[in-house]
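Could you put together the complete structure from these sequences and hints?
Next come the chains, spelled out residue by residue.
2 protein chains.
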Amino acid sequence: MATPEEEILRIHAEPLRHFCTRVFEKLNVPVEDASVVADVLVSADLRGIDSHGVARLRRYVQGLRDGTIIARPLEQIVRETPTTALIDAGGGLGQPVSRRAMTLAIQKAGQYGSGFVAVRNSNHYGIAGYYAMMALEHDYIGFSMTNADVLVVPTFGRNAMLGTNPIAIAAPAGQERPFVLDMATSTVPRGKLEVYHRLGHPMPLGWATDEHGLPTDDAGRVLENLKRRAGGGLLPLGGAGELMSGHKGYGLALWVDIFCAVLSGAAYADLVYPRAADGTPLPADLGHFFGAWRVDGFRPVEEFKAAMDELQRRLKNAPKAEGQSRIYIHGEKEYEETERRSREGIPLSPKVAADLRAIGEDIGVPFPTP
Amino acid sequence: MATPEEEILRIHAEPLRHFCTRVFEKLNVPVEDASVVADVLVSADLRGIDSHGVARLRRYVQGLRDGTIIARPLEQIVRETPTTALIDAGGGLGQPVSRRAMTLAIQKAGQYGSGFVAVRNSNHYGIAGYYAMMALEHDYIGFSMTNADVLVVPTFGRNAMLGTNPIAIAAPAGQERPFVLDMATSTVPRGKLEVYHRLGHPMPLGWATDEHGLPTDDAGRVLENLKRRAGGGLLPLGGAGELMSGHKGYGLALWVDIFCAVLSGAAYADLVYPRAADGTPLPADLGHFFGAWRVDGFRPVEEFKAAMDELQRRLKNAPKAEGQSRIYIHGEKEYEETERRSREGIPLSPKVAADLRAIGEDIGVPFPTP
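Protein sequences, first through last, are from chains A and B. Per the numbering used here, residue 1 is the first one in the first sequence, and the count goes up by one each step. Per the numbering used here, residue 1 is the first one in the second sequence, and the count goes up by one each step.
Quick caveat, the hints were computed from the structure, so don't treat them as lab data. There may be inaccurate statements among the hints.
You can't tell identical chains apart in this list, so a pair holds if it fits in one copy or across any two.
As the list claims (entries may be wrong) - Quick list of in silico lysine-lysine cross-link-like pairs, DSS-like style, CA-CA up to 27 Å:
| # | residue 1 | residue 2 |
| --- | --- | --- |
| 1 | K351 | K333 |
| 2 | K351 | K320 |
| 3 | K320 | K26 |
| 4 | K320 | K227 |
| 5 | K351 | K227 |
| 6 | K316 | K333 |
| 7 | K227 | K316 |
| 8 | K333 | K26 |
| 9 | K26 | K227 |
| 10 | K351 | K192 |
Because the structure is a prediction, the values reported are computed rather than measured.
Listed below in structure tokens is the structure:
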């Protein structure tokens with residue numbers, strides 16, 4: 001919001017996807033995997049979740065170069081029952097294994113009514129909603145969770161011990177758009193603090209705590225503390241303590257950690273993204289969890305979709321709070337943004353555009369001209 | 001907290017369970033069902049969730065008498081796949097059908113790795129955690145959700161359109177206690193407002209809204225508005241608007257409504273607990289959703305339990321925020337309360353004790369003497 005409109009570069013999804021695919025290929029990632037990572041990144045940009053889009057490309061490039069992410073991992077199914085499986089990602093990119101894991105969950109649902117796949121030894125998988133939404137093509141309900149870098153303090157704790165651990169659920173509808181809930185279990189993501197810090201605005205109390213574990217409005221201080229692991233961090237949904245039920249957000253984050261990491265054998269709590277004694281980064285060992293349910297395991301699909309439509313309309317047509325004009329359904333804003341950005345192109349800030357261009361020059365892939 | 005300790009009656013779980021069972025039997029409920037309802041109610045009291053314990057007995061008695069709850073319903077499995085099922089509760093008590101539904105989910109998990117059962121045409125089922133915890137006996141992970149009476153406003157909405165729609169997850173541990181998350185998706189339950197109203201204290205902003213849909217600290221006003229359906233209500237987890245991410249709590253409530261009601265064909269949103277044109281209450285038509293996963297569908301049980309213990313210890317031993325002395329794991333407080341109340345008896349306020357005694361006299365079941 002601090003960037004004047006004329007400096008914003010707009011690039012369409014397709015050339016951006018192509019650019020990212022080529023970059024990953026140059027880093028020895030198989031083309032099918034490269035195109036999946038590119039698709040997940042650009043999908044985030046299309047949906048308006050810029051923090052998880054191509055702006056993140058450098059971090060993946062860095063990981064592939066320093067060996068904390070393996071370009072051609074030995075990925076294997078470690079355990080399997082009719083409706084469950086565990087996949088070891090072999091330290092590879094999070095997106096390709098996650099796409100395969102969700103595909104397996106959907107296959108199992110197709111055969112038995114529901115299917116669930118946990119993944120260990122993985123890396124950042126992008127937006128949780130991407131995988132949950134894969135179920136929509138089959139008229140199934142999709143589910144996706146991941147643990148993540150250590151940013152969130154448990155209720156009454158001083159230090160960050162958990163990730164922003166998102167939960168995503170996608171359910172189909174008929175005439176209306178699908179319901180797509182894709183939420184970090186912290187009150188806000190780190191990106192929100194970065195915006196407030198850049199603008200020099202005090203944060204609302206309830207977003208984050210300082211090095212004593214007390215609520216603070218100083219975003220810069222929290223970001224600096226997190227970088228140095230000096231204490232404090234983001235607060236779980238519900239804020240500090242129990243008064244506004246921060247323990248519920250903490251509980252949701254813990255649930256995600258149990259399903260993604262304890263159930264899979266991945267690193268949990270603050271053990272993710274470990275470092276060697278000399279500070280060298282080691283493999284992240286993140287874990288994910290995916291699920292799918294057949295709608296018609298419970299109710300005919302057409303009946304379900306009709307009721308989804310009615311539920312959405314009932315909520316959207318309900319009286320609004322004073323000063324408000326619209327009640328949203330989850331996913332609605334992102335679908336609208338996807339339509340807009342598919343038409344107008346994806347807006348890249350000068351900083352992100354310059355960074356992508358530099359990656360391209362460095363690796364030998366021309367950055368697309370708008 | 002306003003009641004002097006000497007006026008509190010303490011009754012042990014067993015005689016209280018027996019009393020409730022006999023009351024339901026007198027109302028024509030089959031003895032097996034009667035004892036399930038009694039067990040769910042007394043379990044809530046043991047766990048310290050007084051709002052869902054025997055204090056609620058009159059509402060069930062009332063429902064059975066006015067015909068909105070059927071004592072001997074025609075309950076049937078409407079649809080079934082290897083891992084899914086839909087049960088029509090026939091308008092009966094929520095607890096017995098829920099216990100049977102969760103038992104079926106556990107059986108399916110035993111055979112296929114996971115199992116899920118939705119229930120429609122049901123009534124209040126008590127505490128969500130009771131059913132999730134049934135999975136623990138098998139070393140499975142349990143899941144339970146229900147929609148509920150209309151009390152919660154959607155983000156930017158003026159009127160209550162959703163229930164407090166709780167989510168419960170229970171996962172086994174080894175030496176440590178199981179993880180039991182059992183949370184309403186509103187910031188606080190109605191009972192909290194009743195306590196503040198009784199004490200005449202202003203509520204924190206972010207718990208509830210007034211008839212204009214604006215945050216208020218006046219608990220009495222919100223309770224009165226809810227009774228008259230005059231607008232306003234409890235706020236979703238995260239509070240009003242999007243600043244503290246109230247839309248996430250709203251999204252969780254909507255998720256619960258979709259799984260419990262849209263997937264089952266029960267009443268959704270504000271259509272639960274309907275009334276006839278003359279104001280006569282009609283059957284609630286609530287919906288529930290239950291699930292179970294075999295831990296060993298993903299990882300050997302002993303490995304999982306050892307990691308659950310380590311995760312819990314890691315969190316509990318982490319540094320505390322200034323002024324705090326303890327980090328909790330979800331379920332821990334309730335396990336401690338269960339131990340205390342199993343020893344000392346369940347404390348009943350004079351009002352609740354008098355109400356139970358009156359029900360007993362009316363129906364012809366002697367209330368136990370402490």
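Here is how each hint holds up against the structure:
1. K351 with K333: within (25 Å within a copy, 49 Å between copies)
2. K351 with K320: Classified as neither: same-chain Cα gap 39 Å, cross-chain 39 Å, threshold 27 Å.
3. K320 with K26: Answer is neither: 52 Å inside a copy and 46 Å across each miss the 27 Å cutoff.
4. K320 with K227: Only across copies: K320 and K227 sit 19 Å apart there, 42 Å inside one copy, limit 27 Å.
5. K351 with K227: Classified as within; 21 Å inside a copy, 54 Å across copies.
6. K316 with K333: within (13 Å within a copy, 39 Å between copies)
7. K227 with K316: between (42 Å within a copy, 23 Å between copies)
8. K333 with K26: For K333 and K26, the Cα distance exceeds 27 Å both inside one copy (35 Å) and across copies (54 Å).
9. K26 with K227: neither (30 Å within a copy, 65 Å between copies)
10. K351 with K192: within (17 Å within a copy, 49 Å between copies)
Hints 2, 3, 8, 9 from the list above are not met by this structure, while the remaining hints are.
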